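In the order they appear, the protein sequences are chains A and B.
Residue numbering for the first sequence follows our numbering, starting at 1 and increasing by one per position.
Residue numbering for the second sequence follows our numbering, starting at 89 and increasing by one per position.
Calculated from the structure, these hints are not laboratory results.
Remember, predicted model here, so these are calculated numbers, not experimental data.
Ideal Cβ positions, reconstructed from N, Cα and C, are used throughout, including at glycine.
Wrong hints could be hidden among the right ones.
To be verified - Residues of chain B placed beyond 10 Å of chain A at every Cβ, according to the derived structure:
1) N150
2) S157
3) T177
4) F187
5) K189
6) Y192
7) P193
To be verified - Distance condition first, Cα-Cα at most 20 Å in a straight line; then the derived DMTMM-like pairs of lysine to aspartate or glutamate:
8) B:K181 x B:D96
9) A:K28 x B:D96
10) B:K181 x A:D43
11) A:K28 x A:D43
12) B:K189 x B:D96
What the hints assert, rightly or not - Non-contacting residues of chain B with respect to chain A, defined by C-beta distances greater than 10 Å in every case (computed):
13) T184
14) S190
15) S191
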Amino acid sequence: MIDMSFEFIFISILIVLLSFLLLYRVFKGPNIIDRVVAADSIDVMIGLVMVLFGCYEGRSLYIDLGLIITLLGFIGTVLISRYLEGKI
Amino acid sequence: MIARIIIDIFLIIGLFFIFAGVVGMLRMPDTFCRLQSSTNIVTMGGLPILIAAAIYGFYIGNIAIGIKSIIIGVFIILTNPAASHAMTTAAYKIGTPMFNKSSYPKNREGN
Numbered sequence: 001m002i003d004m005s006f007e008f009i010f011i012s013i014l015i016v017l018l019s020f021l022l023l024y025r026v027f028k029g030p031n032i033i034d035r036v037v038a039a040d041s042i043d044v045m046i047g048l049v050m051v052l053f054g055c056y057e058g059r060s061l062y063i064d065l066g067l068i069i070t071l072l073g074f075i076g077t078v079l080i081s082r083y084l085e086g087k088i
Numbered sequence: 089m090i091a092r093i094i095i096d097i098f099l100i101i102g103l104f105f106i107f108a109g110v111v112g113m114l115r116m117p118d119t120f121c122r123l124q125s126s127t128n129i130v131t132m133g134g135l136p137i138l139i140a141a142a143i144y145g146f147y148i149g150n151i152a153i154g155i156k157s158i159i160i161g162v163f164i165i166l167t168n169p170a171a172s173h174a175m176t177t178a179a180y181k182i183g184t185p186m187f188n189k190s191s192y193p194k195n196r197e198g199n
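Modelling step: build the complete structure from the supplied sequences, incorporating the hints.
What follows is the structure, given as structure tokens:
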């Protein structure tokens, strides 16, 4: 049994800070596709933070939440793209 | 002890690629270049962190963490190219302005 709490918390905090940097692209982006791309990246990064928190707690419940967040981000991205393309 | 070193190496690889992708998202001159950096974040940044979580889960004896991390990795491999292709097609069809040094045809009836 190894104790890796420090690594998981450290990597999680750095990923959250990097996703706050991506919020700049969501609010300012000159085109609508830029906002969609930044929001999709933030979705995947929050899913990764959920996985790391599940490893920190030692429970697999939070990894299910990460899977659900990633799935909903994919569905929303494809839906917005099809809407902008005019197919829906 | 060797498992901890392997997990740390995978976590640092993932964090480096996420950092490179975020810098590319903030500094690239064009929408299509930013789409390429987004793929860099999701694929090369997400998969090493999920591999590290799977190794950790199998090492401490919690099988559910390992299996579910591998399932999320397979899901990301399957769905991220589809989402990136949909976003790129939408950006090309609504007439997004390109970088002026690009050599791709800029009219919408090109192909």
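Verification of the hints:
no.	hint	in the structure
1	N150	violated, 6 Å
2	S157	violated, 6 Å
3	T177	violated, 6 Å
4	F187	holds, 13 Å
5	K189	holds, 18 Å
6	Y192	holds, 16 Å
7	P193	holds, 19 Å
8	B:K181 x B:D96	violated, 43 Å
9	A:K28 x B:D96	violated, 35 Å
10	B:K181 x A:D43	violated, 25 Å
11	A:K28 x A:D43	holds, 18 Å
12	B:K189 x B:D96	violated, 41 Å
13	T184	violated, 6 Å
14	S190	holds, 15 Å
15	S191	holds, 21 Å
Violated hints, in rising order: 1, 2, 3, 8, 9, 10, 12, 13; the structure is consistent with all others.
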